[in-house]
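Sequences and hints are given; from them, build the entire structure.
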Amino acid sequence: MKRFHLPILIVLLSTIGLGVFAYKVLALNMPLAPGAAAETWLVEARVRYQPSGGATNVQLRIPERLPNFALLDEGFVSRGYGLNTLGAGDDRIAQWTTRQPRGEQVLYYRATLYRMGDDGSEAEYPGPVSVPEWTEPHRSAAEALIEDVRARSSDIQTFASVLVNDLAEAPRASNAAVFVADNGDPRARAETLIDLLATARIPARIVTTLPLRDGRRDISPEVWLEVHNTRRWVPIHPLSGKIEYPQDVVVWAHGTDPVLEVSNGREAEIRFAVSRSVQDALATAERFGETVNARILDFSTLALPLGTQNTYRVLLMVPLGAMIIVFLRNVIGIQTFGTFMPVLIALSFRETQLLAGIILFTLIVALGLGVRFYLEHLRLLLVPRLAAVVSVVIMLMLGISILSHHLGFERALALSLFPMVILAMTIERMSVVWEEHGPSDAITQGIGSLVVAAAAYGLMANRQLEHLLFVFPELLLVLLAMTLLLGRYTGYRLTELFRFGRIQDAMRRDS
Amino acid sequence: MPGWLPRFVRPRVLKEQGIVGMNARNARYIAAWNARRFYPRVDNKLQTKQLALDAGLSVPELYGVVRTHRQIREIRRELRQHEQGFVIKPAHGAAGDGILVIDGWRGDRPRRAGSRTLELSELDDHISNILSGMYSLGGHPDVAMIEQRVRFSSVFDAVAHQGVPDIRTVVYRGYPVMAMIRLPTHESDGKANLHQGAVGTGIDLASGRTTGGVHHNQPCRNHPDSEHSLVGLQIPGWEALMELAAGCFELSQLGYLGVDVVIDAERGPLILELNARPGLAIQIANGEGLDHRIRTVDAHLEAGTTEAATERARWSGTTFARPAASGDPAAATRTQFGLS
Numbered sequence: 001m002k003r004f005h006l007p008i009l010i011v012l013l014s015t016i017g018l019g020v021f022a023y024k025v026l027a028l029n030m031p032l033a034p035g036a037a038a039e040t041w042l043v044e045a046r047v048r049y050q051p052s053g054g055a056t057n058v059q060l061r062i063p064e065r066l067p068n069f070a071l072l073d074e075g076f077v078s079r080g081y082g083l084n085t086l087g088a089g090d091d092r093i094a095q096w097t098t099r100q101p102r103g104e105q106v107l108y109y110r111a112t113l114y115r116m117g118d119d120g121s122e123a124e125y126p127g128p129v130s131v132p133e134w135t136e137p138h139r140s141a142a143e144a145l146i147e148d149v150r151a152r153s154s155d156i157q158t159f160a161s162v163l164v165n166d167l168a169e170a171p172r173a174s175n176a177a178v179f180v181a182d183n184g185d186p187r188a189r190a191e192t193l194i195d196l197l198a199t200a201r202i203p204a205r206i207v208t209t210l211p212l213r214d215g216r217r218d219i220s221p222e223v224w225l226e227v228h229n230t231r232r233w234v235p236i237h238p239l240s241g242k243i244e245y246p247q248d249v250v251v252w253a254h255g256t257d258p259v260l261e262v263s264n265g266r267e268a269e270i271r272f273a274v275s276r277s278v279q280d281a282l283a284t285a286e287r288f289g290e291t292v293n294a295r296i297l298d299f300s301t302l303a304l305p306l307g308t309q310n311t312y313r314v315l316l317m318v319p320l321g322a323m324i325i326v327f328l329r330n331v332i333g334i335q336t337f338g339t340f341m342p343v344l345i346a347l348s349f350r351e352t353q354l355l356a357g358i359i360l361f362t363l364i365v366a367l368g369l370g371v372r373f374y375l376e377h378l379r380l381l382l383v384p385r386l387a388a389v390v391s392v393v394i395m396l397m398l399g400i401s402i403l404s405h406h407l408g409f410e411r412a413l414a415l416s417l418f419p420m421v422i423l424a425m426t427i428e429r430m431s432v433v434w435e436e437h438g439p440s441d442a443i444t445q446g447i448g449s450l451v452v453a454a455a456a457y458g459l460m461a462n463r464q465l466e467h468l469l470f471v472f473p474e475l476l477l478v479l480l481a482m483t484l485l486l487g488r489y490t491g492y493r494l495t496e497l498f499r500f501g502r503i504q505d506a507m508r509r510d511s
Numbered sequence: 001m002p003g004w005l006p007r008f009v010r011p012r013v014l015k016e017q018g019i020v021g022m023n024a025r026n027a028r029y030i031a032a033w034n035a036r037r038f039y040p041r042v043d044n045k046l047q048t049k050q051l052a053l054d055a056g057l058s059v060p061e062l063y064g065v066v067r068t069h070r071q072i073r074e075i076r077r078e079l080r081q082h083e084q085g086f087v088i089k090p091a092h093g094a095a096g097d098g099i100l101v102i103d104g105w106r107g108d109r110p111r112r113a114g115s116r117t118l119e120l121s122e123l124d125d126h127i128s129n130i131l132s133g134m135y136s137l138g139g140h141p142d143v144a145m146i147e148q149r150v151r152f153s154s155v156f157d158a159v160a161h162q163g164v165p166d167i168r169t170v171v172y173r174g175y176p177v178m179a180m181i182r183l184p185t186h187e188s189d190g191k192a193n194l195h196q197g198a199v200g201t202g203i204d205l206a207s208g209r210t211t212g213g214v215h216h217n218q219p220c221r222n223h224p225d226s227e228h229s230l231v232g233l234q235i236p237g238w239e240a241l242m243e244l245a246a247g248c249f250e251l252s253q254l255g256y257l258g259v260d261v262v263i264d265a266e267r268g269p270l271i272l273e274l275n276a277r278p279g280l281a282i283q284i285a286n287g288e289g290l291d292h293r294i295r296t297v298d299a300h301l302e303a304g305t306t307e308a309a310t311e312r313a314r315w316s317g318t319t320f321a322r323p324a325a326s327g328d329p330a331a332a333t334r335t336q337f338g339l340s
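In the order they appear, the protein sequences are chains A and B.
First residue of the first sequence: 1, per the numbering used here; consecutive thereafter.
First residue of the second sequence: 1, per the numbering used here; consecutive thereafter.
Keep in mind that a hint or two might mislead.
[Stated by the list, open to error] If you want the footprint, here are the derived chain A segments under chain B, 3+ residues with CB under 8 Å:
| no. | stretch |
| --- | --- |
| 1 | 379 to 388 |
| 2 | 437 to 445 |
[Stated by the list, open to error] Computed spacing ranges between beta-carbons, pair by pair:
| no. | chain 1 | residue 1 | chain 2 | residue 2 | range |
| --- | --- | --- | --- | --- | --- |
| 3 | B | Asn26 | A | Leu18 | 25 to 31 Å |
| 4 | A | Gly307 | B | Gln47 | 48 to 54 Å |
| 5 | B | Asn222 | A | Gln464 | 54 to 60 Å |
No lab work stands behind these hints, which were simulated from the structure alone.
Note that CB positions come from ideal geometry on N, CA and C, so glycine has one too.
Quick look at the structure:
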């Protein structure tokens, strides 16, 4: 059991981390890239009518649950009206009421829609429908047509589409031609189709859809037919026989009832306007998470105050930097001063940028070392000497800032975030190594520290990684698992392959 | 190919040679066999010395301990008595840092080994630096030890430039597995650090003869300063040294232990210090990996034998004998599998 303890832990941590990550990406559509934009549609229904006296009641059908789309936000603009929303089958009804409207009345309903993959969700089978009462000659024509179509189809869905196609391309004097007296009016055609499908006892219904065309202010609703294939409602276009909605069609209302009903009003009309907008994908995902009530977003870093968020944007990168240190030290074998000093240096590089950071770091450490060697002559005790070095380091930083400000290098002003105590300790450690092991060791380790810091900075300053770790902090579990895995690495370090490579001559002297 | 050029070797070759890497050492030897609670026994040299004395193992004589800055003045008077010199070292020093060797007096001023005469105040400063923790791990306040200066056996006169030739033995679970002698050179400034140009020389565990050295990662048969041969140099009191090294297991309880020994002209081998994290340069000096020898010890201990230090030292001597040095054909077949 003990042997498997660590592997199990590693697998468990990565599974949890990647699982939550996958859920957030796939189900909540959280963006993987920073600054990603999500497409949203703003649909506006504009109702206009002339009151004809007395209390009016405006009833507008509005969507409840849209296949393929999520309703992120909605709003009603209706001054002086009482507003009620009622459930009505698969839709809702917005009911505006007022006692005495004067002059032309305009009401608005706005919905922000967000496209989210394909929805093939199942719906309960309403059961076979009753056969409508046909009158001759329709009766025999209907029966013959149904018989014929049944022979040429395999299931409910193909039956429906064959039927639609037959009606669309009906030659004169065929059984189908009897039913196409509607001159291609989709609504009438859809109603005929519903009756014909009912003859075959197949449930079907009319839906009102809106094609989403950016910038159009006069979108006319289209009629589609939905046929239940015992598992779900399959959309079929009543004229073309096309199955499934195209990408840019949204279902607005179900059933044959009119979308708009106005009592005590004249010249009632409804107009749909659509505009596309691009929003921050992260904010969209958040709002979407609210609509589906995802509890996981309550514990998101995005819920924190902005200042705290910015702190965590930096802090969440530290484990990554630490893992890089583990990798560079234990797998590559680079020597550094202090274990995690390079991470802190890398953090300060975020402010100064890499090149300026390296130059400043080298400058301060070199000047500090000089001062430290001078202090050696004064024979101070350890802690006072460290304190003196800290003071000198800060004075050096101040001097560099003032000088560079005068010279116009504003970048060097970001120096204040350099961890000066860490710098002082580095200078102290470096001077001890310098004295005890010679300058070459000290310089090698100093360069090693800088290389590691630069590598850590390269990753920690990466906006993509920062975004990933901030939006998906569960990835830290994966990082933890990788660090644990690295902790068990007992193979050779890369530098050892060179170190022992050089002694291969010595190794062979016995053979 | 010039020695300074980086040369790459495939991991498989190293594995066949039994070379142990840093990670493997940390995980398989140190983490597995060295319990944290025993570290103070070796990290605190004062405690090591006391334990060694209790166990009857030879160490350089302790002249005095300085614990506070006030004691510095008091000890200064006593120091003058030690005409033969003395050594000041931090009790918690690492890697030989902070060791000051005084080999005598010129008038009232101490003379640093192989260097100039110091002011007495410089001694005070050095002790004071030690007390404030300059050489200890983590900068903790430390204690300065003043002990007998070892007068090295004359065997090393021709091959040790100024400094301290010390013998490092790696003891695995009580069995000495590999040994080397580090000889300071002019280039290394009297320091026994291979990295700084000291010569490392492997030692045949059976006979105590050197097997030829490595200088700057290149095999060398002669000392770079004196041109004296480095092969076949007999270390005096080798058997005693092996027993001393093996005996350090009991006093430290560390399964992977480095024992640093110096040879005093009169007293023979003395334990200088113990190391809980001995490095891997010993493999370079010996031109051989540690891994095969360590596996041999593991296999030997599989049987559940418990042996006293003397027997362990003898077992190691016969098992890890070098074919070239001892001329024992049986031993040759035993060790050669790790070499070619």
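Hints, verified against the model:
1. 379 to 388: n = 4 at 8 Å, threshold three: holds.
2. 437 to 445: holds (count 3)
3. Asn26(B) to Leu18(A): 25 to 31 Å: 30 Å Cβ-Cβ, so the 25 to 31 Å window holds.
4. Gly307(A) to Gln47(B): 48 to 54 Å: holds, 51 Å
5. Asn222(B) to Gln464(A): 54 to 60 Å: Given range 54 to 60 Å: holds, Cβ gap about 59 Å.
In the structure shown, no violation is registered for any of the earlier numbered hints.
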